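Chemist: Read off the chains here:
Number of protein chains: 4
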Amino acid sequence: MTKYGFLGLGIMGRAMASNLVKAGFEVSVWNRTPNKCAPLVEMGARQAGSPREVAATCDITFAMLADPAAATAVVLGPDGVQAGIGDGRGYVDMSTVDAETSAAIETAIRQAGGRFLEAPVSGTKKPAEDGTLIILAAGDQSLYEQALSAFDKMGKLSPYLGETGQAAHMKLVVNMIMGGMMTAFCEGLSLGQKSGLDGQQILDIFMAGALANPMFAGKGAMILQGKYPTSFPLQHMQKDLRLAIALGDKFAQPLSSAAAANETFKRARQLGLSDEDFAAVFKAIDGKR
Amino acid sequence: MTKYGFLGLGIMGRAMASNLVKAGFEVSVWNRTPNKCAPLVEMGARQAGSPREVAATCDITFAMLADPAAATAVVLGPDGVQAGIGDGRGYVDMSTVDAETSAAIETAIRQAGGRFLEAPVSGTKKPAEDGTLIILAAGDQSLYEQALSAFDKMGKLSPYLGETGQAAHMKLVVNMIMGGMMTAFCEGLSLGQKSGLDGQQILDIFMAGALANPMFAGKGAMILQGKYPTSFPLQHMQKDLRLAIALGDKFAQPLSSAAAANETFKRARQLGLSDEDFAAVFKAIDGKR
Amino acid sequence: MTKYGFLGLGIMGRAMASNLVKAGFEVSVWNRTPNKCAPLVEMGARQAGSPREVAATCDITFAMLADPAAATAVVLGPDGVQAGIGDGRGYVDMSTVDAETSAAIETAIRQAGGRFLEAPVSGTKKPAEDGTLIILAAGDQSLYEQALSAFDKMGKLSPYLGETGQAAHMKLVVNMIMGGMMTAFCEGLSLGQKSGLDGQQILDIFMAGALANPMFAGKGAMILQGKYPTSFPLQHMQKDLRLAIALGDKFAQPLSSAAAANETFKRARQLGLSDEDFAAVFKAIDGKR
Amino acid sequence: MTKYGFLGLGIMGRAMASNLVKAGFEVSVWNRTPNKCAPLVEMGARQAGSPREVAATCDITFAMLADPAAATAVVLGPDGVQAGIGDGRGYVDMSTVDAETSAAIETAIRQAGGRFLEAPVSGTKKPAEDGTLIILAAGDQSLYEQALSAFDKMGKLSPYLGETGQAAHMKLVVNMIMGGMMTAFCEGLSLGQKSGLDGQQILDIFMAGALANPMFAGKGAMILQGKYPTSFPLQHMQKDLRLAIALGDKFAQPLSSAAAANETFKRARQLGLSDEDFAAVFKAIDGKR
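Just so you know, the sequences run in chain order A, B, C and D. Each residue of the first sequence is one higher than the one before, starting from 804 at the first, in my numbering. Each residue of the second sequence is one higher than the one before, starting from 804 at the first, in my numbering. Each residue of the third sequence is one higher than the one before, starting from 804 at the first, in my numbering. Each residue of the fourth sequence is one higher than the one before, starting from 804 at the first, in my numbering.
Chain A with its partners taken away, still in its complex shape (with noise of 0.2 Å):
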């Protein structure tokens, strides 16, 4: 039976690492704050005592850290990891974390002998405790397949997207799309409103049709209450587009919308938003402020 390592219990982390062992897996725990492993030991799960002893006694061991500086020392820190990986062993990162540092643990993981995934995570605490997580998973193909029926656990779409580093594209051209939807609806309720139309009944006819969407539903909402309590920054927002643009660079590729929508968010951090939610854009577009 595949032994299952599990490091960092955080509020992801102990959701996703209960549905492993609530589907009946065996589970090595191991947390920087040992007590946080408690409740997972109640569910059956066995606590070990440093990452370097998961990795040497797991077939595969998750990973779900805060940032990157985390996400580091686990794997390159003292009794890390890196020291106790090896024989093919899989890792597999589902923090989120930045291009760079997913390079360095994938490096020091296969130095080690053994074998890495990237598999970063859409979706928030309610998902993780529903298991119905949306994993991008890129990297070792054949380390894919043997944690696939984790994955299933602890999401309900969880694609292989190829070599390290195509989680992160998909990611930009997820966000780049959802950038440009956002200004191309902010843009209509600012339109409607100025030509008399009111903007709950603007939402409502968007919302019985073809393009309803849950996002459009949620930042609707907080656009029509003037109020934007911040659940993704509208600077990371357009960051993202920033880099996705970068991305269309390399192959030549025209994204028109894309840098319309760019230089609209960059407005938006020139008016001083850019630690509001990024429907505040809509301000920056609106002009009233």
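Because the hints were derived from the structure by calculation, they are not lab data. This structure is a prediction, so every number in the text was calculated from the model and none was measured. A portion of the hints provided could be inaccurate.
Treat identical chains as interchangeable: a pair holds within one or across any two.
Said to hold, decoys possible - In silico DSBU-like cross-links for lysine-lysine, where the CA-CA straight-line distance does not exceed 35 Å: (1) K997 to K929; (2) K959 to K997; (3) K974 to K1091; (4) K1042 to K1091; (5) K1091 to K959; (6) K1030 to K974; (7) K1091 to K1053; (8) K806 to K1030.
Fit chains B, C and D to the supplied structure of chain A, relying on the hints for placement.
Modeler: Relative to the frame of chain A, chains B, C and D by itself:
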């Protein structure tokens, strides 16, 4: 009991009138080719000899005609609605016509002593049959309120949008957003595929998330197959973008994303794609022809 | 010897008519306020009592009037050109009027048996006095050829552009390029200053190179001083961009740069800069207000 | 009397060094291929055996080298400038190199006790011979002031732009404006011709007005002839637009026109025009290929 009239029994009109008859309403019908009235009469409708007769004997007369010419002829032509309407009786034009046609019909109806409402619909055959159209109503508000119980049988949503012309504005706003969403979507698909991602996987991931919407599902499949059977002609989308931008001009409303989309659709026209479905804008973006 | 008429002796017309008289041509002049004719009569011109009289007695009648209303009145009003022209005599309207006015005047002239040429000019008082205007001629080609020796005294360049309306198209093309150059210039100045460069140095370097042009010299100084005395109102530039883009629409000609410039000028209007000089678009770009 | 050195006697360097010698300055020259020194020596220059020797014996050493590799080798290679400079003597690199190369050279010079100035030039063979280059200087200000009398012999304008790196920023700003002007110009030419105007007449009218500039004169002729011999490669213009936009990103500076131009140049790359002159962007706009 309110007496309803219905002029025009094409694919849409027949389905809509049927829903009124099925609801137990008293309905007089007329069609230019009289034998198309037969199925409705069989269901319980009364057949009238002319638009004039319908307008003279019904409290509210609905019309669903093929184009501006037909919509105009039925009102201003011999034995037309204008000759029969009066005493505050209502005329509700549900055809899709331009602002000038709508204004001309409104003038004729009001001069004859009737009340006027423009109420173009969003949705095709199936929603017409199911009574789930979206009805965009604008014009005489008292007539709107009187017509609501009939609208409820034909549509799932029938907001009152204000004075005559506002229904057309709403359509422009919705189509402008749709055009912007489409160029963003195509740019994403094109960029993703060029960077080595699989088109179907991009779609799958998209459809599993907060941006999922029926339009992208349908058009995405068309794009991946490279076939663009025309449902909404590309040149009509470009025309709507142009009109929406012209509307924005009145209010000094910048619409950068819509403008970028408009230019991209114009490039598609330049490439000879005017009569294909508007999703064919993908070809202009992707550059492979 | 060809007899010339000249209607309208404002700042521009007086200078232009003077150049004809100085050249030794036989010139009849008329002005709504008759005493403005005195200086011309002193130089050798003949004063006429009405536009009709001028048109009836001259081979070619030039007109330089303040606005479309005046241009129309002089032709269609009592004792107007229409009543005097005929037998193939020529009428050359050098006023700046819209396409509709120009077409209405052309129709009136042709119905009365005259020939028509539109010939709006580019240039202000000084070039008018120096005989160095740019004259954009369109309409009756035989009249153009007959008028050339007079044009040569008033302007330095007077191309024949084709049928009536083409002079207006030429103006749109030139102004569209001017609008695009201005936004590019302002973006450069703004970016340069934000990255720590000195505005005057940017201008100096610019003016020493292959991109140097009189417009940037003049407008650049305005921008650095932050004062925008109106020479060409911003809202007129935006209107011309809109009309140029609409012209492109006819030919399915994408105009991405013009469209981006148009949206930027609209943003300037949104910020209340409509009546300032069009160089004030800098403020909308720079974001410091 | 100040002693000057000059490294690199290619087409540009030879002309520049000649102007220093002709001015009566004491100049030591060096070239990788020594026999290229002969004409300078004939004029009165002193020939040195190595970059080290020049740097050790001259107060200010100028360098004009072919590319970043040559510029680096002359400083860091055997018998290089680094080994000879010191005691506050000056090194002025007039080659066009990237920011990284410039920074590396600066570090080497300063560590050896020298002062550094970057001073890339704008202009080609003829201005180099005529002493009318534009010299963009940035770095050590005391060295700039000391070098001014030599700059005056080589160029017509040699502003001091601030710390190292600002010369590169100035070039980006100028090229960004140039790129935006070019797309505006091409759109105007394309629109005008499609609406029936004559291309040469558009150019003539343009060149007679306030927008006239040498670049449009030269490139306009290329466009009308449909031939694009490469003077500034299209892909380099697109690269500069990309870098300028990236610079704007740092300051949250929206650059809508530059972004639109960038996408248009990318489309030109997509169409295979990368290596043609950047005026060939006309083909991507006009759509006739």
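Chemist: For this structure, which hints from the list above don't hold up?
Modeler: 8
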